[in-house]
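Going down the list, the sequences are from chains A and B. In this text, residue positions in the first sequence follow our numbering: the first is 1, and each later residue adds one. In this text, residue positions in the second sequence follow our numbering: the first is 1, and each later residue adds one.
Straight-line C-alpha distance at most 27 Å; calculated DSSO-like pairs for lysine-lysine:
| id | chain 1 | residue 1 | chain 2 | residue 2 |
| --- | --- | --- | --- | --- |
| 1 | B | K266 | A | K84 |
| 2 | B | K339 | B | K302 |
| 3 | B | K5 | B | K21 |
| 4 | B | K192 | A | K103 |
Looking from chain B toward chain A, a few residues come up when the C-beta cut is under 8 Å (computed):
| id | residue |
| --- | --- |
| 5 | F54 |
| 6 | T190 |
| 7 | S199 |
| 8 | Q276 |
| 9 | S286 |
| 10 | K339 |
| 11 | G341 |
| 12 | L355 |
| 13 | S357 |
| 14 | M358 |
| 15 | V359 |
Note that these hints are calculated values from the structure, not bench results. Think of the CB as a built atom: it goes at the ideal place given N, C-alpha and C, for glycine as much as any other residue.
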Amino acid sequence: MYSKILILYFPPVVAQNAVVCYLTKDYDLLFNILGAKFSTKEDGIMVLEVTGTRENYKRGVRYLKEQGVRVSYAEQEIWRDEDKCTHCGACTAVCPTGALSVKRPEMEIVFDKEKCSVCELCIVTCPSRAMGLFSKNAESILP
Amino acid sequence: MGDHKINKTYQEINERIRKGKAVVVTAEEIIDIVREQGPVEAARSVDVVTTGTFAPMCSSGAFINIGHSKPLIRTTETWFNNVPAYSGVAAVDCFLGATQTSEDDPLNKLHPGEFNYGGGHVIQDLVAGKEIELVAKSYGTDCYPNRKIEKVVTLKDLPSATLCNPRNGYQNYNCAINRSDRIKYTYMGTLKPDMGNASYSTAGELSPLFNDPYLKTIGLGTRIFLGGAQGYVTWQGTQHKTAVDRGPNGVPLTPAGTLFVMGDLKKMSPEWLVGQSIRGYGCSLSVGLGIPIPILNEEMVKYTAVSDEEIFTQVVDYGHDYPEGISKSYGQVSYAELKSGTIMIQGREVQTVPLSSMVRARKIAAQLKRSIEKGEFLLGEPQHMF
Numbered sequence: 001m002y003s004k005i006l007i008l009y010f011p012p013v014v015a016q017n018a019v020v021c022y023l024t025k026d027y028d029l030l031f032n033i034l035g036a037k038f039s040t041k042e043d044g045i046m047v048l049e050v051t052g053t054r055e056n057y058k059r060g061v062r063y064l065k066e067q068g069v070r071v072s073y074a075e076q077e078i079w080r081d082e083d084k085c086t087h088c089g090a091c092t093a094v095c096p097t098g099a100l101s102v103k104r105p106e107m108e109i110v111f112d113k114e115k116c117s118v119c120e121l122c123i124v125t126c127p128s129r130a131m132g133l134f135s136k137n138a139e140s141i142l143p
Numbered sequence: 001m002g003d004h005k006i007n008k009t010y011q012e013i014n015e016r017i018r019k020g021k022a023v024v025v026t027a028e029e030i031i032d033i034v035r036e037q038g039p040v041e042a043a044r045s046v047d048v049v050t051t052g053t054f055a056p057m058c059s060s061g062a063f064i065n066i067g068h069s070k071p072l073i074r075t076t077e078t079w080f081n082n083v084p085a086y087s088g089v090a091a092v093d094c095f096l097g098a099t100q101t102s103e104d105d106p107l108n109k110l111h112p113g114e115f116n117y118g119g120g121h122v123i124q125d126l127v128a129g130k131e132i133e134l135v136a137k138s139y140g141t142d143c144y145p146n147r148k149i150e151k152v153v154t155l156k157d158l159p160s161a162t163l164c165n166p167r168n169g170y171q172n173y174n175c176a177i178n179r180s181d182r183i184k185y186t187y188m189g190t191l192k193p194d195m196g197n198a199s200y201s202t203a204g205e206l207s208p209l210f211n212d213p214y215l216k217t218i219g220l221g222t223r224i225f226l227g228g229a230q231g232y233v234t235w236q237g238t239q240h241k242t243a244v245d246r247g248p249n250g251v252p253l254t255p256a257g258t259l260f261v262m263g264d265l266k267k268m269s270p271e272w273l274v275g276q277s278i279r280g281y282g283c284s285l286s287v288g289l290g291i292p293i294p295i296l297n298e299e300m301v302k303y304t305a306v307s308d309e310e311i312f313t314q315v316v317d318y319g320h321d322y323p324e325g326i327s328k329s330y331g332q333v334s335y336a337e338l339k340s341g342t343i344m345i346q347g348r349e350v351q352t353v354p355l356s357s358m359v360r361a362r363k364i365a366a367q368l369k370r371s372i373e374k375g376e377f378l379l380g381e382p383q384h385m386f
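This is chain A alone, in the form it adopts within the complex (with noise of 0.2 Å):
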């Protein structure tokens, strides 16, 4: 699962119209509205937390993205799902800061979030997709 809190800029124009519906209509993609202000002289800031497949994200950011949608992110996190991830190991190989790391002699994989830099490498490498991303801090960013 994926999830991205993303932080919307509608210039006037494009806030006239049904833009954001259509992530769940077209793009299967739940969003939750965190905070909205609208104005038809300057422009508009959403910010919503989107939820879907990874996949979905990005096909639905890039068609905010062509309706004329300004896109910027919160700051994101990664997180393990403890009851999917096996100790295979997989994840050490392509992990560049050492944040998910053997410990030995358990041969256990532990996740260090203070040293991941959010790559993003281990949630396509993990075979039993057990790494996922969310937003944190979202009560900061709200306008």
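For chain A, the structure is supplied; the task is to place chain B on it using the hints.
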């Protein structure tokens, strides 16, 4: 089995298991027992040694009977959640392979592909009790007029489903490196260029066939832990090889023996059958497999006491040699070295990457040990050796 001081039969050991008196230890625990007591005493006191392994085993799948619909259909094509299953067998029978990708998977068109859903994932979803969309087609006959069926099923609705893995439990496997200047996405995981890492995939001293290197107790009819249930070894696996170079302890130095295993999918669990997406390579299934080794005599206990320091494999280049079919070793390394985190290849220190879960392998060996101790799991005496 020649002149041994200790001689036990399968029947004697099973009798002790039935009475709850069998002494069972794991393949890790037996190492120190044999070191301390010697093989004869260890063989006298221990009845069974349990092993375990949990890793992607591509040669896995399931024979599934989808049951009849009215009017009848003789299926020639079958899909589970859009993953095709081979249907060139009898009406409503099919074989769903673990590496089969979903029909609309972009594969490696945008390299490296993600391979998010395939046969292995369907098998995991089935044992998890999830609903599966089933579609089957046919050309229609007088006796089977129906040409297409569509339904939503769960594992309970299927008349039979048998996990049937033609090659599991590989006895030893290569340690993979990449000597090319480009990153390689292989079934041995992601291999960084210029020997950036060395990947290996076995449970070492806990792995079933390292503990019975000549398969003296493992044959047709050996009862095993398979996917969380009791299954059986039903034949030698594909690519099974016995004429290989071995160490003084009999353990092969290269990939050697393999097992054909089967079991009732309906009794298995999603914890021990896990769909895998191997970047740039494809889909697979991680299978939990554990084999109890009966300690018939002191010779068997010696085999089970093998430790990572005494098990070796070859370092193979997957950047150039392996894809070209060139058989060349860049060195022989022990599993103790591999598990230490780094190995030396041609004077350079290289980071090692495990692909087989030791955490899960230990859990299988422990679970199997408990089942035997409780009298729930009896040994199956092999009826034919490979």
